[in-house]
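Asker: Spelled out, the chains give:
Number of protein chains: 2
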Amino acid sequence: MKRRDALKIFGGMLGGSLLLTGSSWIAGNLNASQTNNIPPLPWNYKSLDSKKVAERAYSGFYKGRCCYGAFDGIIGCLQDEVGFPFTGIPTELFVFGRSGIAETGSTCGALIGASAAIFLLTGGIDKEKQDRAYKLIQDLFRFYEQEALPKYIPEKPKLNAEIKATVATSPICHISVSRWCAQTKFKAASKERDERCARITADCALYAIKLLEAEYKGTFKGAYPLKAQTKTCMNCHEKKDALNNTKGNMECGTCHFDGRINKVTKHPPY
Amino acid sequence: MKRRDALKIFGGMLGGSLLLTGSSWIAGNLNASQTNNIPPLPWNYKSLDSKKVAERAYSGFYKGRCCYGAFDGIIGCLQDEVGFPFTGIPTELFVFGRSGIAETGSTCGALIGASAAIFLLTGGIDKEKQDRAYKLIQDLFRFYEQEALPKYIPEKPKLNAEIKATVATSPICHISVSRWCAQTKFKAASKERDERCARITADCALYAIKLLEAEYKGTFKGAYPLKAQTKTCMNCHEKKDALNNTKGNMECGTCHFDGRINKVTKHPPY
Numbered sequence: 001m002k003r004r005d006a007l008k009i010f011g012g013m014l015g016g017s018l019l020l021t022g023s024s025w026i027a028g029n030l031n032a033s034q035t036n037n038i039p040p041l042p043w044n045y046k047s048l049d050s051k052k053v054a055e056r057a058y059s060g061f062y063k064g065r066c067c068y069g070a071f072d073g074i075i076g077c078l079q080d081e082v083g084f085p086f087t088g089i090p091t092e093l094f095v096f097g098r099s100g101i102a103e104t105g106s107t108c109g110a111l112i113g114a115s116a117a118i119f120l121l122t123g124g125i126d127k128e129k130q131d132r133a134y135k136l137i138q139d140l141f142r143f144y145e146q147e148a149l150p151k152y153i154p155e156k157p158k159l160n161a162e163i164k165a166t167v168a169t170s171p172i173c174h175i176s177v178s179r180w181c182a183q184t185k186f187k188a189a190s191k192e193r194d195e196r197c198a199r200i201t202a203d204c205a206l207y208a209i210k211l212l213e214a215e216y217k218g219t220f221k222g223a224y225p226l227k228a229q230t231k232t233c234m235n236c237h238e239k240k241d242a243l244n245n246t247k248g249n250m251e252c253g254t255c256h257f258d259g260r261i262n263k264v265t266k267h268p269p270y
Numbered sequence: 271m272k273r274r275d276a277l278k279i280f281g282g283m284l285g286g287s288l289l290l291t292g293s294s295w296i297a298g299n300l301n302a303s304q305t306n307n308i309p310p311l312p313w314n315y316k317s318l319d320s321k322k323v324a325e326r327a328y329s330g331f332y333k334g335r336c337c338y339g340a341f342d343g344i345i346g347c348l349q350d351e352v353g354f355p356f357t358g359i360p361t362e363l364f365v366f367g368r369s370g371i372a373e374t375g376s377t378c379g380a381l382i383g384a385s386a387a388i389f390l391l392t393g394g395i396d397k398e399k400q401d402r403a404y405k406l407i408q409d410l411f412r413f414y415e416q417e418a419l420p421k422y423i424p425e426k427p428k429l430n431a432e433i434k435a436t437v438a439t440s441p442i443c444h445i446s447v448s449r450w451c452a453q454t455k456f457k458a459a460s461k462e463r464d465e466r467c468a469r470i471t472a473d474c475a476l477y478a479i480k481l482l483e484a485e486y487k488g489t490f491k492g493a494y495p496l497k498a499q500t501k502t503c504m505n506c507h508e509k510k511d512a513l514n515n516t517k518g519n520m521e522c523g524t525c526h527f528d529g530r531i532n533k534v535t536k537h538p539p540y
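Chains as they are written, first to last, in my numbering: chain B, 1 to 270; chain V, 271 to 540.
Just so you know, the hints here were simulated from the structure itself, not pulled from any lab data.
Incorrect hints may appear among the rest.
What the hints assert, rightly or not - Straight-line alpha carbon distances no greater than 30 Å define the calculated BS3-like cross-link-like pairs of lysine-lysine that follow: (1) B:127 / V:497; (2) B:129 / B:52; (3) V:533 / B:185; (4) V:497 / V:397.
Model the full assembly from the supplied sequences, consistent with the hints where possible.
Answerer: The structure is reproduced here in structure tokens:
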């Protein structure tokens, strides 16, 4: 048999088998190996329309709450515009972070979702990739701690009302919501509080892509440095050659003291 | 031309083109649509060997820290044993949660990674799926708050030492680590603290699959109820028809008061 004939027969067998069994065979046999070949982090960020991201994050809040809204606002857009490998991650997974993770009130879900998106697009398991992503995420955390939020005004608000902006002073959902309720007198289960958190979800997604755009252009500097008070605490409590008895870089004053110095110990009261 | 001949030629063309261009064509053209077809949550949990999960979580800590260790301990095993759709999610993404997310000290990363894994396997965007996953995740949070941890003894410890177990009283990394440092006098940057957190990463992954096994068998009950003190607070502060000025169900006493009642206001001091 000539090579040309053999090829034709083999081709016919292969083609016929593909025609007969259709896409299910391909799906069953290629999916596992293809998706095993997802690229290592970071995945490439493609510049996104900020209005689209913000509106998707805002409306995502009303579908799957804060953490889903922030993650889907960014990664959902990349799924639509880029496709693979983003399409392998179900953004629905990030519903886990609702109201400080499963409604426990720990870290704000919008921060979790936005942080995961930033990490996917700038981070990785190697130390230098971690550092690159963490400097952005830490700036996002301080934006959330220090800015009066929400700032974002949706195109078509679900609740068309003026929503008072407050300074959370903490990345913790429980503290952020409590301070807003105390200052506005609205209840935690109110429509106003929902709307506030929906807009903050958009704020976090928006600030995250601002950070990503800057990082990809090589212009990131960080707009929200640690507060002087927190730096003072960290000089002893965090430094490797000093007391070094804690972890973290959240605002110390929110939980620990009101700025007064104890006359005897020279230490602020806890 | 007979139908059989036409099929043969078409088959030959299709087969030939596939042979010529190889898997790159298939990859480029099928990946996006295939991975768009990832199933909705929850994805099926397949019973895992607890020893394998724990050891993978423990050693994962030394590769990518707490959040990665806990998520990869469970989902990495399912990637190996099940493949698609788990293989579409880069477990490396969860390095974002290190030391309370990007080292900010907010929610413990082991809790974040284990919570995400539980949600992927029991949750979803619909209210009833959320509730199903959240009841498990909340039990995991209270296990972490109330149990003396670490409990897990690795097969081949990276640091072969006795690691004192302490009760975190909080899901917050900063509080959990500070309490352990205060009680053991070890520094936060010590090898002992690393080993403590590596073992807690295994503890969280282990408890998460215990919850998953129970949920899939229909025997989940919840081993760690809210503390009575926290319930008392929530009766006013969380209830929809009462004060309702906060969110969350973490232990109140950890930050707010020491149990004494103010004689005038009849309220515990903050």
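Asker: Work down the list of hints and note, for each, if the structure agrees.
Answerer: Hints and how they fare:
no.	hint	in the structure
1	B:127 / V:497	40 Å, violated
2	B:129 / B:52	28 Å, holds
3	V:533 / B:185	26 Å, holds
4	V:497 / V:397	26 Å, holds
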